[in-house]
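A.B. asks: As a plain string of letters, each chain reads:
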Amino acid sequence: MFVSPLFAIEEKLGANFGEFAGWNMPMTFTNYQEEHMAVRNGVTVFDLSHMGRLRVKGNPNELEELIAKELTKAMPSQMIGPTAFLNDKGGFVDDVMTYKVSDSEYLLVTNAINREKVIKWIRSNSSLAVEDLTFDLVMLAIQGKKVKDIFDVDQMSHMIFKLNSKFLGKEVFLLSRSGWTGEDGVEIWAKPDIAGAILNELVQMGVKPAGLVTRDSIRQEMGYLLYGEDIDEETTPIEARYWVFSMTKNFIGKDAIVEQLKSGVKKIRFGFKMKKGLRIIPRNGNSVSSLGYKIGHVTSSTFSPFLNRAIGMGYISPSHFFLGYTLEVEVRGKTYEIKVDDFPFI
Amino acid sequence: MAEIKVGKYTVLSDLLYTETDEWVKLEGNVATVGITDYAQKKLRDIVGVELPEVGRTFSIGDSAGVVESVKAAVDIYAPLSGQVTEVNGLLTSSPELMNKDPYGQGWIFKLNCTDLNEKVKLMDAENYVKKIQKGE
Numbered sequence: 001m002f003v004s005p006l007f008a009i010e011e012k013l014g015a016n017f018g019e020f021a022g023w024n025m026p027m028t029f030t031n032y033q034e035e036h037m038a039v040r041n042g043v044t045v046f047d048l049s050h051m052g053r054l055r056v057k058g059n060p061n062e063l064e065e066l067i068a069k070e071l072t073k074a075m076p077s078q079m080i081g082p083t084a085f086l087n088d089k090g091g092f093v094d095d096v097m098t099y100k101v102s103d104s105e106y107l108l109v110t111n112a113i114n115r116e117k118v119i120k121w122i123r124s125n126s127s128l129a130v131e132d133l134t135f136d137l138v139m140l141a142i143q144g145k146k147v148k149d150i151f152d153v154d155q156m157s158h159m160i161f162k163l164n165s166k167f168l169g170k171e172v173f174l175l176s177r178s179g180w181t182g183e184d185g186v187e188i189w190a191k192p193d194i195a196g197a198i199l200n201e202l203v204q205m206g207v208k209p210a211g212l213v214t215r216d217s218i219r220q221e222m223g224y225l226l227y228g229e230d231i232d233e234e235t236t237p238i239e240a241r242y243w244v245f246s247m248t249k250n251f252i253g254k255d256a257i258v259e260q261l262k263s264g265v266k267k268i269r270f271g272f273k274m275k276k277g278l279r280i281i282p283r284n285g286n287s288v289s290s291l292g293y294k295i296g297h298v299t300s301s302t303f304s305p306f307l308n309r310a311i312g313m314g315y316i317s318p319s320h321f322f323l324g325y326t327l328e329v330e331v332r333g334k335t336y337e338i339k340v341d342d343f344p345f346i
Numbered sequence: 347m348a349e350i351k352v353g354k355y356t357v358l359s360d361l362l363y364t365e366t367d368e369w370v371k372l373e374g375n376v377a378t379v380g381i382t383d384y385a386q387k388k389l390r391d392i393v394g395v396e397l398p399e400v401g402r403t404f405s406i407g408d409s410a411g412v413v414e415s416v417k418a419a420v421d422i423y424a425p426l427s428g429q430v431t432e433v434n435g436l437l438t439s440s441p442e443l444m445n446k447d448p449y450g451q452g453w454i455f456k457l458n459c460t461d462l463n464e465k466v467k468l469m470d471a472e473n474y475v476k477k478i479q480k481g482e
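Line order of the protein sequences matches chains Y and W.
To convert, note that position 290 of the first sequence is 290 in this note's numbering; the numbers rise steadily by one, no gaps.
To convert, note that position 44 of the second sequence is 390 in this note's numbering; the numbers rise steadily by one, no gaps.
Just so you know, the hints here were simulated from the structure itself, not pulled from any lab data.
Fair warning: there could be bad hints in the mix.
Taking lysine to aspartate or glutamate pairs in the EDC-like style, the calculated list, with each CA pair at most 16 Å apart, reads [as the list claims (entries may be wrong)]:
id, chain 1, residue 1, chain 2, residue 2
1, Y, K254, Y, E64
2, W, K446, Y, E229
3, W, K417, Y, E19
4, W, K388, Y, E19
5, Y, K334, W, D421
6, W, K476, W, E365
7, W, K417, Y, E11
8, W, K387, Y, E19
9, W, K417, Y, E229
10, W, K354, Y, E11
11, Y, K334, W, E396
These numbers come from a predicted model, not from an experiment.
When you get a sec, could you build the whole thing from the sequences and use the hints?
C.D. replies: Take a look at the structure:
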């Protein structure tokens with residue numbers, strides 16, 4: 001199993017570790033409820049070293065053919081995404097974030113679970129050069145409503161990044177105004193010793209370290225998808241209602257997507273809320289019904305400390321997507337009412 | 347009651363334990379039941395509990411409730427046969443007490459035991475420590 005280069009520091013900070021996508025990573029530091037509320041009301045720092053980070057160089061037209069969103073029209077220093085690598089059926093090979101360094105050089109962030117698959121996908125479908133930076137650099141995300149208290153984020157626009165920049169006076173490889181929480185913040189990629197120093201300094205400044213359990217509950221409140229749970233190679237962006245493509249160019253999977261846009265899909269991603277006071281979390285695969293007929297299933301669910309109720313997402317037949325409509329979910333043999341909702345939940 | 351440390355887990359010397367990680371405190375015929383520190387740390391953030399009804403009768407090993415965490419939902423099993431005399435209603439609104447104080451405020455239910463001979467099926471602290479060490 002892989003382990004974050006910051007393991008020793010995080011252990012001292014009281015992290016509880018657990019496995020995610022082949023990595024032993026901090027799941028929580030105190031408890032996810034406190035960490036979750038700190039994202040929404042304060043400032044937090046996440047270690048995201050498990051996420052795949054790749055440098056891709058070569059003919060930009062080849063990358064355009066592989067990635068669903070148009071890259072070449074963007075300016076250098078601009079992030080483009082989320083976007084995706086799709087297979088020829090329109091299914092997700094991976095959903096990724098792209099960073100345009102120059103016309104012929106891009107950085108990509110992949111899901112941890114898909115890092116090797118994406119490298120192989122690029123190599124087998126193009127002559128682009130791929131370099132894996134994942135194990136050389138730590139990725140930290142500093143996120144929260146009060147991020148301006150610790151760092152002047154306004155020096156950069158949203159979705160803009162700088163290479164070889166400084167954060168808290170320390171050299172970082174990449175600094176971007178981005179995140180995956182719905183709150184303001186920055187993400188940095190830095191050498192492990194520098195990232196460790198930054199993590200310690202942030203904690204001393206009162207920034208709360210947060211783990212992957214919190215990242216999961218935070219992303220679900222925003223309706224962000226998790227590869228392997230909510231999307232996979234059999235699911236398309238149309239079904240997932242995940243706008244990751246441009247119609248202004250060609251890319252692998254486009255024909256399948258155009259076909260689905262013409263003739264419609266059989267399932268569509270929906271959000272749901274459980275009743276307040278019901279402290280039950282449906283699990284991936286639990287079935288969703290209406291009038292006694294199965295019409296779909298749950299893919300992700302959690303208990304939102306911010307909304308104080310269980311929330312989740314899954315897929316249902318498009319005919320049943322009415323906001324506020326009541327459906328039923330089966331959890332461990334019992335049926336509970338859920339209300340159809342849409343993202344973000346907050 | 348002495349605390350025994352097994353890595354990051356705490357085991358209390360005077361309690362009895364099950365294979366399914368419940369603890370049992372026996373006072374006369376009354377068994378107070380909860381989940382161990384090891385169990386709560388494995389489950390991590392607990393967000394809900396289904397408590398048994400007062401008055402229900404269970405045989406040893408019956409499912410008596412469910413503990414729900416963000417990671418998983420697990421059954422709580424009756425460690426001995428008997429009738430439920432009391433449940434910890436505080437857990438309905440504050441299930442995190444099972445994380446914060448698993449051997450104290452996080453107790454789940456009390457059973458009036460019908461057959462104390464069943465006690466031999468439970469582990470003492472020393473054997474429970476060995477079980478944790480094997481599982482790690």
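A.B. asks: Now tell me if each hint is right for this structure.
C.D. replies: Tested hints:
1. Y:K254 - Y:E64: holds (12 Å)
2. W:K446 - Y:E229: Violated - the C-alpha atoms of E229 of chain Y and K446 of chain W are around 30 Å apart, more than 16 Å.
3. W:K417 - Y:E19: Holds. K417 of chain W to E19 of chain Y sits at ~12 Å (cutoff 16 Å).
4. W:K388 - Y:E19: Cα-Cα ~12 Å, so holds.
5. Y:K334 - W:D421: holds (14 Å)
6. W:K476 - W:E365: holds (11 Å)
7. W:K417 - Y:E11: Roughly 21 Å separates the two Cα atoms, so the pair is violated.
8. W:K387 - Y:E19: At roughly 14 Å apart (the allowed maximum being 16 Å), E19 of chain Y and K387 of chain W satisfy the hint.
9. W:K417 - Y:E229: holds (14 Å)
10. W:K354 - Y:E11: Holds, because 12 Å separates the two Cα atoms, which is no more than 16 Å.
11. Y:K334 - W:E396: Roughly 12 Å separates the two Cα atoms, so the pair holds.
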